[in-house]
Amino acid sequence: DTGVSQNPRHKITKRGQNVTFRCDPISEHNRLYWYRQTLGQGPEFLTYFQNEAQLEKSRLLSDRFSAERPKGSFSTLEIQRTEQGDSAMYLCASSLNPPGLNTEAFFGQGTRLTVV
Amino acid sequence: GQQVMQIPQYQHVQEGEDFTTYCNSSTTLSNIQWYKQRPGGHPVFLIQLVKSGEVKKQKRLTFQFGEAKKNSSLHITATQTTDVGTYFCAGQEESNFGNEKLTFGTGTRLTIIP
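Chains B and R are the protein sequences, given in the same order. Heads up: the first sequence at position 104 corresponds to 104 in my numbering, and the numbers run straight through without jumps. Heads up: the second sequence at position 39 corresponds to 1039 in my numbering, and the numbers run straight through without jumps.
Take the hints with a grain of salt, since some may be wrong.
Pulled from the structure, derived: some chain B residues nowhere near chain R, Cβ distances all over 12 angstroms [stated by the list, open to error]:
1. Asn7
2. Arg22
3. Glu28
4. Pro70
5. Gly72
6. Ser73
7. Phe74
8. Thr76
9. Arg81
10. Thr114
11. Val116
Quick list of in silico lysine-lysine cross-link-like pairs, BS3-like style, CA-CA up to 27 angstroms [what the hints assert, rightly or not]:
12. Lys1101(R) x Lys71(B)
13. Lys14(B) x Lys57(B)
14. Lys1051(R) x Lys1036(R)
15. Lys1036(R) x Lys1056(R)
16. Lys1059(R) x Lys1070(R)
17. Lys1051(R) x Lys1101(R)
18. Lys57(B) x Lys1059(R)
19. Lys1101(R) x Lys1070(R)
20. Lys1036(R) x Lys1070(R)
21. Lys1101(R) x Lys1057(R)
22. Lys1051(R) x Lys1070(R)
23. Lys57(B) x Lys1057(R)
24. Lys57(B) x Lys1070(R)
25. Lys1036(R) x Lys11(B)
Just so you know, these hints were derived from the structure itself, not from any lab. Just so you know, even glycine gets a beta-carbon here, dropped at the ideal spot from N, CA and C.
Input sequences plus hints: build the corresponding full structure.
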């Protein structure tokens, strides 16, 4: 399967614990996005990378959230000291963006986080 | 920051009726993309519009990009039960760098009454 892969698919954690999610994008894609989606809402932008560079992080995101994309390949999203409000589906998407051209984003199946 | 709104939030139609969702951005866009998300699924790309006033068709679906490149619409003719899902527009703000993030709209959830 050469699509976007996210692990784990589901995560249940106790409040206050740290969690880390992984995203493996389509191999030749240079752009990688993290979004958060709650029931009935659209994907909310969290952060994105162009190769290994993190270009923007949402101002709505607290310092408990951090993302990395070492070597411009896979990415990890870590949430420290989880809160119940962090419960959501975390979506990763990748796209191929040559300079000046925007192309479609391919989404993974998502990681559903439940904080209890 | 950039905001992308869609109306209506929900739409219930009889099978065979038409459906339209409208997308409005607070800033000028370099391009607009449309995605469909089935219940329990992830967003799947439908189409991208780039030019001012552009109109594209995919079978029963018609997509338009406004002249000012700040709004867009998706129209489905003669809806079928397979059209059920939430339709999102997603735009990238126009800039000199060409590397703006993809911002999703609030979505329109379509349900079909058989």
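Now for the hints, and whether the structure bears them out:
| no. | hint | verdict |
| --- | --- | --- |
| 1 | Asn7 | 15 angstroms, holds |
| 2 | Arg22 | 16 angstroms, holds |
| 3 | Glu28 | 17 angstroms, holds |
| 4 | Pro70 | 20 angstroms, holds |
| 5 | Gly72 | 14 angstroms, holds |
| 6 | Ser73 | 19 angstroms, holds |
| 7 | Phe74 | 18 angstroms, holds |
| 8 | Thr76 | 19 angstroms, holds |
| 9 | Arg81 | 26 angstroms, holds |
| 10 | Thr114 | 16 angstroms, holds |
| 11 | Val116 | 22 angstroms, holds |
| 12 | Lys1101(R) x Lys71(B) | 20 angstroms, holds |
| 13 | Lys14(B) x Lys57(B) | 25 angstroms, holds |
| 14 | Lys1051(R) x Lys1036(R) | 21 angstroms, holds |
| 15 | Lys1036(R) x Lys1056(R) | 16 angstroms, holds |
| 16 | Lys1059(R) x Lys1070(R) | 25 angstroms, holds |
| 17 | Lys1051(R) x Lys1101(R) | 19 angstroms, holds |
| 18 | Lys57(B) x Lys1059(R) | 38 angstroms, violated |
| 19 | Lys1101(R) x Lys1070(R) | 16 angstroms, holds |
| 20 | Lys1036(R) x Lys1070(R) | 20 angstroms, holds |
| 21 | Lys1101(R) x Lys1057(R) | 26 angstroms, holds |
| 22 | Lys1051(R) x Lys1070(R) | 11 angstroms, holds |
| 23 | Lys57(B) x Lys1057(R) | 35 angstroms, violated |
| 24 | Lys57(B) x Lys1070(R) | 23 angstroms, holds |
| 25 | Lys1036(R) x Lys11(B) | 25 angstroms, holds |
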